[in-house]
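Visitor: So the chains spell out like this:
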Amino acid sequence: MAELLLNVTDLEIKAGATVIVDKVSFTLEKGRVLGLIGESGAGKSTIGLASLGHARQGLRITGGRAELNGRDILKPARRDARLLAGASVTYVAQSAAAAFNPAHRLIDQVIEATLWHRLMPRAEATERAKALFALLGLPDPAHFGDRYPHQASGGQLQRAMTAMALCPNPELIVFDEPTTALDVTTQIDVLAAIKHAISKTGTAALYISHDLAVVAQVADEILVLRNGRMVERGPVEQIFRAPEEDYTKRLVSLRRAEKPSQARGGDVLLRVSGIKAGYARGVSILDDVSLDLVRGETLAVVGESGSGKSTLARVITGLLPAWSGQLQFDGTVLAPALSARNAETHRNIQIVNQIPDLALNPRQTVEAILSRPLAFYFGLKGPALRQRVATLLDQIELPSTLRDRYPAELSGGQKQRVCIARALAADPKLIICDEPTSALDPLVADGILDLLMRLQREAGTSYLFITHDLAIVRSIADSVVVMLGGKVVRSGGKADVLAPPFDPYTERLIASVPEMRPGWLDDAIAGRNRSETPKP
Amino acid sequence: MADGIEADIKVMSVLAAPKARGLSLWAMLGRRLALGLVLLWAVSLVIFAGTQILPGDVATAMLGQQATPEAVASIRQELGLEQPAAVRYVKWLGGAVTGDFGRSYSNRQDIAKSIAPRLKNTLLLAAMAAVIAVPLSIGLGILSALHAGSWIDRTIGLVTLSAVSLPEFFAGYLLIAYFSVTHFWLPSSATVSDGMSLGQRFVVTLLPCLTLVLAVVGHMMRMTRVALLNVMASPYIETALLKGLPWSRIVWKHALPNAVSPIVNVVALNLAYLVVGVVVVEVIFVYPGMGQYLVDHVAKRDVPVVQAAGLVFAAIYILLNIVADMISVIANPRLRHPR
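Protein sequences, first through last, are from chains A and B. Start counting the first sequence at 1; every next residue gets the next number (the working numbering). Start counting the second sequence at 1; every next residue gets the next number (the working numbering).
One or more of the hints may lead you astray.
Unchecked claim - In silico BS3-like cross-links for lysine-lysine, where the CA-CA straight-line distance does not exceed 30 Å: (1) A:Lys-381 - A:Lys-487; (2) A:Lys-276 - A:Lys-487; (3) A:Lys-130 - B:Lys-253; (4) A:Lys-130 - A:Lys-195; (5) A:Lys-276 - A:Lys-195; (6) A:Lys-75 - B:Lys-253.
To be verified - Residues on chain B that point at chain A, a partial pick, calculated with CB under 10 Å: (7) Ala-67; (8) Val-203; (9) Val-204; (10) Gly-244.
Calculated from the structure, these hints are not laboratory results. Just so it is clear, CB atoms sit at the ideal spot from N, CA and C, and this is done for glycine as well.
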């Protein structure tokens with residue numbers, strides 16, 4: 001039995017009168033990694049921050065104890081307080097890009113806590129930071145720290161933040177969704193680097209994530225949380241092999257039904273040919289993009305951030321007129337600019353955005369949001385309008401009692417359903433879905449995908465579905481287009497695109513998708529090394 | 001008021017945003033200076049046109065209502081007023097570029113020579129006010145931001161807002177009433193002369209200086225507070241907090257460097273106001289600066305003086321804004337160190 005490091009008992013945290021964390025208890029031994037898993041609102045981050053003795057604004061730690069090596073974290077003795085956060089316990093935030101101060105060089109931020117807590121002299125701390133940069137696989141470790149945050153990529157910053165957390169040689173690191181904001185292809189590298197660094201330094205860690213597949217690669221044990229309560233706790237193997245609670249079972253078995261590929265060819269609804277477009281003069285984001293979307297089908301556009309997926313959506317909607325190339329919709333050529341298209345075209349192409357919070361007017365009720373397109377496109381009024389709103393709410397499986405609510409009074413999944421209903425209200429031929437589920441928790445996202453598929457079966461709507469998640473592609477797409485750097489690198493029916501022989505990028509993309517089993521990361525890295533080593 | 005300031009911040013951060021990526025600092029400075037000159041030229045046009053359409057006539061103003069038409073005509077000829085406006089504009093601008101603003105209509109003195117000592121006085125008063133007001137308002141802003149929502153924040157907000165809301169002529173007379181009339185501590189008129197020592201000048205100009213400070217502290221303090229609060233909500237402040245750093249270090253090292261741009265911009269606006277907006281204060285305290293000079297000569301329809309003073313004010317305003325822009329650029333590592 002290893003030595004006890006962190007001991008949390010009956011931790012209770014409140015926001016006003018609302019209980020955010022409800023009597024949570026767990027222990028962590030030295031050198032071990034505990035994964036905290038749960039959907040948003042489960043209290044994961046709040047527990048993580050409490051381990052550093054910190055509560056975000058508006059939150060109060062109202063009960064329980066938390067001890068690190070037997071010293072109280074929540075009400076530390078004056079002598080211990082200084083050596084707690086930043087020295088004994090450190091933190092890796094979700095978005096390192098936002099968590100680094102843009103005004104200072106990386107090296108100064110990486111060694112700041114170490115110097116401030118007088119853990120080692122500057123020269124030694126700098127050397128240690130450089131060694132950590134090397135350990136985490138950062139380029140040019142000796143000079144990497146001279147960069148400012150804006151001069152490094154998202155994946156590099158996430159590693160640099162891990163180096164920053166390791167620098168004071170802490171006993172515990174809290175990783176708060178450290179790879180959630182990254183592309184899958186970057187995530188696998190960062191994940192491997194973090195795992196390597198943790199095992200090399202022997203630091204204990206709390207690894208917080210909503211993605212069970214990711215946590216399973218890093219953690220020794222898993223604690224499942226829901227609505228601030230503990231659901232289940234156990235070694236990773238056991239959670240996967242024999243989950244006890246129903247909620248855990250659902251999380252573990254979250255494998256979406258795979259829609260049989262029905263790429264038939266046939267009546268093309270949208271034809272994109274040779275599109276070139278961009279924002280700044282001379283810098284093209286889309287370079288000769290062509291694709292066909294068959295009526296009644298789902299075309300998935302896959303690629304990492306910066307590949308031009310969303311720009312393509314803006315070009316098709318006309319928000320960003322293309323520089324050259326042609327759009328054909330339903331047999332006619334589309335004008336490049338939104339303003340040059342008629343109302344009928346506007347009606348026929350609708351969009352569902354990634355973040356429903358930003359896509360809904362916070363000052364309008366659900367009814368007002370849904371009534372607008374109905375009145376605008378179809379001139380509906382009075383009882384007919386109310387009737388149609390009720391039908392729409394029924395279609396998206398929301399109770400009609402929600403019609404008087406404001407977006408702030410809805411959950412994330414409900415908001416996204418309202419966005420879908422708003423698109424449906426126009427009775428369009430094409431709905432462009434721009435990562436509609438990436439901001440949602442896995443189980444909620446699953447419900448949204450089911451809804452979209454059902455609506456397609458019932459109304460025959462075509463989808464252009466933008467995503468970076470290959471699991472979603474498998475479950476909903478008929479055809480697939482893979483984009484990289486503004487170009488189409490692979491396209492065709494789903495079965496063809498997702499089957500070998502692959503081009504190098506698609507192969508890397510497929511190999512990078514976390515699988516819901518412990519040991520996937522090791523296998524994937526080993527597989528990649530195998531495929532890379534044969535070259536002499 | 002608060003909403004207005006938030007909007008200000010947005011506008012300013014847009015203005016300070018890197019429009020031209022990859023330009024070196026010197027190239028950027030060169031561009032700004034060139035733009036400033038173009039702006040100044042446009043201002044000169046407006047000033048000249050403005051003074052042309054002013055009602056009244058110099059010759060009549062100089063000679064009085066009973067002047068004979070012949071006398072008026074001869075004066076107009078002497079002043080060159082019979083020439084077309086375009087010709088007069090070119091002549092005036094040509095002179096102004098070489099530092100020759102012509103001669104005053106009313107007292108026939110060289111305007112450049114008359115302006116110099118007055119400009120010095122005005123700049124001195126503005127500098128004195130700035131030296132007090134800028135650190136004071138930034139300090140109060142930081143204090144307010146750190147204690148946002150508390151009684152400290154509310155008291156500072158209330159006091160500085162009241163100070164801004166008092167018109168300067170009223171605040172000035174209040175100060176005179178208290179410090180000069182009731183208590184005889186400070187002189188009510190700020191008459192300075194060349195022979196005075198710096199200490200004497202300080203005592204004499206303290207009241208107008210305080211009046212100016214009251215007028216500008218509120219705006220700068222509010223902007224510092226809002227800019228700082230914006231920054232304090234960033235994730236990197238939480239990072240600093242979780243490093244176990246004390247608040248003093250977090251504010252100085254992590255928050256302020258990122259709030260420089262909006263703060264510098266509002267400081268520049270207020271410094272410009274200190275120079276340009278002192279007219280009323282100078283008149284109240286009989287201070288021999290640019291403002292008084294301008295007011296005197298507007299009354300006399302002394303067009304060349306008004307034009308010269310207008311151009312000097314505009315130049316100062318533009319220059320201060322260029323300085324502020326450059327400081328914002330220098331404070332932004334994205335521009336100092338392009339990718």
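Visitor: Check each numbered hint against the structure and report the violated ones by number, ascending.
Guide: 1, 5, 7, 8, 9
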